[in-house]
Amino acid sequence: MYSDLLNSLPVVLTFTNFAVVVIGVLAGIIVGAMPGLSATMAISVLVPFTFGLEPLVALGLMAGIYNGAMYGGAIPAVLLRIPGTPAAVATTFDGYPMAQSGQGGYALQVAVVSSSIGGIMSAFALMLLAPPLSKVTLLFGPAEVFWVAVFGLCSIIFLLGGNPVKGLISACFGVFVSVIGSDPIFGVDRFTFGQLELLDGISIVILLVGLYALPPVIDLLETPLKTETDASKLGTEPIWKTLPRMKSYIKTWIRGGIIGVWIGILPGAGGSMAAFMSYNEARRTSKNPENWGKGEPEGVAASEVANNADTAAALIPALTLGIPGTAVAAVMLGGLLVHGLQPGPMLFRENPDVVFGFMWQFLFGAILLVFLGGSLATNSFARLLNLPRPLLGSVIIVLMLIGVYSINERMFDVYLMLGFGAIGYLMDKMKFPLPPVVLGLILGGFAEENLRLALRIGRNDPSVLFQNTTSLVLVFLTLAVIVGPFLKRRFFDNKKKG
Amino acid sequence: MFKFIKKSLLTVGIVMAASTAMAEYPEKPITVVVGYSAGGGTDVMARTTMPFIEKYLGKGARIVVKNMPGASGQIGITKVANSEPDGYTLGTFNLPGMMARTLDRSVEYDRNSFSFLANVVNDPNVIVTQKGSGIKSMDDLIKAAKSTPRAITVGMSSLGGDDHFLLIKLQKATETEFTVVPFRGSAPARTAVMGGHVAVGIFNVSEVAKFQGELNVLGIAQAKRSSFAPDVPTFKEQGYDLINGSMRGVVAPKGLPADVQAKLEKAFRAASQDKEFLSSMAATANPVEVVTGEEFKKLTDELYSLAKETWETTPWN
Amino acid sequence: MTNKNKHRMLRPETLTALGIILISGAFLAPAFELGTIAALLPAVMLIGLIALSLILLIGDQRAASAGSPPEQVTKSPKRVIGSFILIVCYVLSVDYIGFYPSTAIGIPLIAYIFGFRNLLGLVAASVIVVGAVYLIFDLGMHRDFPIGHIWMN
Numbered sequence: 001m002y003s004d005l006l007n008s009l010p011v012v013l014t015f016t017n018f019a020v021v022v023i024g025v026l027a028g029i030i031v032g033a034m035p036g037l038s039a040t041m042a043i044s045v046l047v048p049f050t051f052g053l054e055p056l057v058a059l060g061l062m063a064g065i066y067n068g069a070m071y072g073g074a075i076p077a078v079l080l081r082i083p084g085t086p087a088a089v090a091t092t093f094d095g096y097p098m099a100q101s102g103q104g105g106y107a108l109q110v111a112v113v114s115s116s117i118g119g120i121m122s123a124f125a126l127m128l129l130a131p132p133l134s135k136v137t138l139l140f141g142p143a144e145v146f147w148v149a150v151f152g153l154c155s156i157i158f159l160l161g162g163n164p165v166k167g168l169i170s171a172c173f174g175v176f177v178s179v180i181g182s183d184p185i186f187g188v189d190r191f192t193f194g195q196l197e198l199l200d201g202i203s204i205v206i207l208l209v210g211l212y213a214l215p216p217v218i219d220l221l222e223t224p225l226k227t228e229t230d231a232s233k234l235g236t237e238p239i240w241k242t243l244p245r246m247k248s249y250i251k252t253w254i255r256g257g258i259i260g261v262w263i264g265i266l267p268g269a270g271g272s273m274a275a276f277m278s279y280n281e282a283r284r285t286s287k288n289p290e291n292w293g294k295g296e297p298e299g300v301a302a303s304e305v306a307n308n309a310d311t312a313a314a315l316i317p318a319l320t321l322g323i324p325g326t327a328v329a330a331v332m333l334g335g336l337l338v339h340g341l342q343p344g345p346m347l348f349r350e351n352p353d354v355v356f357g358f359m360w361q362f363l364f365g366a367i368l369l370v371f372l373g374g375s376l377a378t379n380s381f382a383r384l385l386n387l388p389r390p391l392l393g394s395v396i397i398v399l400m401l402i403g404v405y406s407i408n409e410r411m412f413d414v415y416l417m418l419g420f421g422a423i424g425y426l427m428d429k430m431k432f433p434l435p436p437v438v439l440g441l442i443l444g445g446f447a448e449e450n451l452r453l454a455l456r457i458g459r460n461d462p463s464v465l466f467q468n469t470t471s472l473v474l475v476f477l478t479l480a481v482i483v484g485p486f487l488k489r490r491f492f493d494n495k496k497k498g
Numbered sequence: 499m500f501k502f503i504k505k506s507l508l509t510v511g512i513v514m515a516a517s518t519a520m521a522e523y524p525e526k527p528i529t530v531v532v533g534y535s536a537g538g539g540t541d542v543m544a545r546t547t548m549p550f551i552e553k554y555l556g557k558g559a560r561i562v563v564k565n566m567p568g569a570s571g572q573i574g575i576t577k578v579a580n581s582e583p584d585g586y587t588l589g590t591f592n593l594p595g596m597m598a599r600t601l602d603r604s605v606e607y608d609r610n611s612f613s614f615l616a617n618v619v620n621d622p623n624v625i626v627t628q629k630g631s632g633i634k635s636m637d638d639l640i641k642a643a644k645s646t647p648r649a650i651t652v653g654m655s656s657l658g659g660d661d662h663f664l665l666i667k668l669q670k671a672t673e674t675e676f677t678v679v680p681f682r683g684s685a686p687a688r689t690a691v692m693g694g695h696v697a698v699g700i701f702n703v704s705e706v707a708k709f710q711g712e713l714n715v716l717g718i719a720q721a722k723r724s725s726f727a728p729d730v731p732t733f734k735e736q737g738y739d740l741i742n743g744s745m746r747g748v749v750a751p752k753g754l755p756a757d758v759q760a761k762l763e764k765a766f767r768a769a770s771q772d773k774e775f776l777s778s779m780a781a782t783a784n785p786v787e788v789v790t791g792e793e794f795k796k797l798t799d800e801l802y803s804l805a806k807e808t809w810e811t812t813p814w815n
Numbered sequence: 816m817t818n819k820n821k822h823r824m825l826r827p828e829t830l831t832a833l834g835i836i837l838i839s840g841a842f843l844a845p846a847f848e849l850g851t852i853a854a855l856l857p858a859v860m861l862i863g864l865i866a867l868s869l870i871l872l873i874g875d876q877r878a879a880s881a882g883s884p885p886e887q888v889t890k891s892p893k894r895v896i897g898s899f900i901l902i903v904c905y906v907l908s909v910d911y912i913g914f915y916p917s918t919a920i921g922i923p924l925i926a927y928i929f930g931f932r933n934l935l936g937l938v939a940a941s942v943i944v945v946g947a948v949y950l951i952f953d954l955g956m957h958r959d960f961p962i963g964h965i966w967m968n
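Respectively, the protein sequence lines represent chains B, F and V. Position 325 (the first sequence) corresponds to 325 in the numbering used here; numbering is contiguous. Position 164 (the second sequence) corresponds to 662 in the numbering used here; numbering is contiguous. Position 49 (the third sequence) corresponds to 864 in the numbering used here; numbering is contiguous.
If we strip away everything but chain B, and leave its shape as in the complex, we get (with noise of 0.2 Å):
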């Protein structure tokens, strides 16, 4: 197998081969960067497209966009406090108030080299151990994956802000969210009122644009007179000099990849949830846990870094066994059989050329980044946000109409964009959290879902859940997640009195 990717890279090489790496990474930052468009969205919009094309160049093209996106979703979590992707949204929480106060030359840098160095562990990992991490994938049945949802939804607590019965009620909604549509196991409609554009529920893009990148449209349109974005003074350093600051982060980058390539692996779960865990877990270890949320660079290493870490690994399932660990790697999937590449065991022998060739792509995609992402495009994004308000604000609205509408080709689907912006515009008024009601839609009826999946496999018998030690691992560090803070505490406290 070692010697079949070594074989591929001559190939790989080529001029177009390698021009398509570049330019998708390229078009990936552009899209992740304009509020409103999302790498979900490009890659189906190519897809139809790249029937022409040979497969390497489309997936060249596909591996680029999809690691320029997740990077470039970072340039307006981190300057507008729009995650450009729904994978960004843990970028803003330290970002946006590095933006603020004036270190957002510094937070792009930091997000630009955290993603790139995601990206770079996640093509090793697809590149030299797919087989042996597609056997750990087989590892989780759905009891084993409601356990990981579980394990998911319970860093809701942690993301709850200042009032937690307003975050709680955010959670709420977040899940509530994700039951529209038909039911996962009988089919039949819940809250669909009878439109067929509701039966395959809400997607996260909808709800992302509607919740995030509304509100701060209207901020726009709202206060004209000041004509700067609070982004405007970037403090941008160059890069060699700010690269020795960033050494500081190398165990949250081991573990953000860790986390993200784990997460990419495990079937459905996706980016999101793997930059929240890795915020969480870099918070909770850190050494000033109360600096985080209001400007800690560290927390952009860490969401940056395992949203990009997700990338290629989210390919491993998809590629070995045809389940997509994201939204992006199922339209991959998609752009895979259109060339004749059946997913399987089979693929890695049938078509070495191809798949390996497009993993080196994938990390050629992922170096590329630093180079492109770093000064050129990130430099001129922020000289667009420059724009006087107004301006930018209404060029804003035509490009979450665009990239809603384009999914599905819908109007529906923008209407309901609309009324999300609606409620996200109330809820950021009102300080009500946004992350946990993502973090619902993403994991509430994913955990469902796997729960009656489980409780059917076993027949209604709930023993079912904790029957095998994968389950039993996953409770246990649910539990440590939840009742640690607390015990620490404890500990702390009685040392303290003897």
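These aren't lab readings, by the way, just hints derived from the structure by calculation. If a hint is listed, it holds; no wrong ones were tucked in.
Here are the computed distance ranges between Cβ atoms for each label pair:
| hint | chain 1 | residue 1 | chain 2 | residue 2 | range |
| --- | --- | --- | --- | --- | --- |
| 1 | F | G558 | V | M967 | 26 to 34 Å |
| 2 | V | R932 | B | Q195 | 36 to 44 Å |
| 3 | B | L139 | V | E886 | 47 to 55 Å |
| 4 | B | N460 | F | E807 | 27 to 35 Å |
| 5 | V | R877 | B | G484 | 26 to 34 Å |
| 6 | B | I254 | F | G558 | 58 to 66 Å |
| 7 | V | G850 | F | K806 | 19 to 27 Å |
None of the values given here were measured: they were computed from a predicted structure. Quick reminder that beta carbons are idealized off the backbone N, C-alpha and C, glycines included.
Given the structure of chain B, go ahead and fit chains F and V onto it with the hints provided.
Chains F and V only, in chain B's frame:
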């Protein structure tokens, strides 16, 4: 930028063209509506087939595939049912799904809403187990199911699909009972079988063809063996009379002019003999079995009656 | 809403809590019509929303008794509602009149109304955005945007 003007002129054009003779069909691009996202199985079928239909329609015919995903294909097929029967809007049509949906939910079309052009793909069902499983043949399976009813879990892509119908037929024929575990799509279900989380899986042959090293394929629900898995015996060979599968075809709205219908059917028949077509369909996991016009309609009627009977005796939700 | 003499039930947080309770309550009816297992999670979430909103409501009313002023929600509610209505109008016009004409007019119009009065800038923004979208999506990717219902028949 001036597309909207162009398009509105075109709409006027359609109305005019419809009222005059259709002798020159096709004189403008034909749209094929696919009710699933780009890159899905049905989409790939449509995009692989259409270049060959273009070729055999001749006269520089152009076909554009348009995805209208959502609600397991219903948004797209409803659009097709309600569009002008002028031969410029066609749509993909999946069986038994499209007919089963007319039973288990209220939809705005029925089997009389269409002019049936051609069924292109017939993907027979298979029953599989994990490689290390004790169940290696149909006889093992039935014996195990009889010893403890409902103890055997069967993973499949959804309730009310072709996989589920096969199981219902099997249960009826052998007087057994299984526990159905409907996953969301066949890939997660197949993974659950490989990981040993469910005992048995029911899929289509194209979905397991690349996994024969990891799975025991117990049998195939077709009259003859499939070229996708030539070593797998049919159920008939093993003494079980089970024939079932998933079909994908192309329909037009009801009331298609007879000459247009004839031209399209002819193109599909010609494509079905094309070697290049057959090999590119095989490469994209599509077992081809072309059936046109009246025969396709008959096939749909049969599947509808079967689904109706099943729905009335054992509703699935 | 900055008026302190307003009734205490009109405090923004109280109104929000009441709104959530009403809407969740309305969704409970269709939830109970579903089968038992299918209804479980949505019903739990709706009841959770109602219970949490009650806590919020009580907390805010306590704060009102204690005399603490309600939180200020927005400085200029008229501008907020105005901008939201404009956005809705733009989306409706995309749906009925078509994407390209609506966007070409919408971008400069919204920017002008909210205080950007540089004519050249307005025209440039409109041309650049519409042109780029047309080149990338229509010419490049063969993607269509709404052409407008009113032109359809």
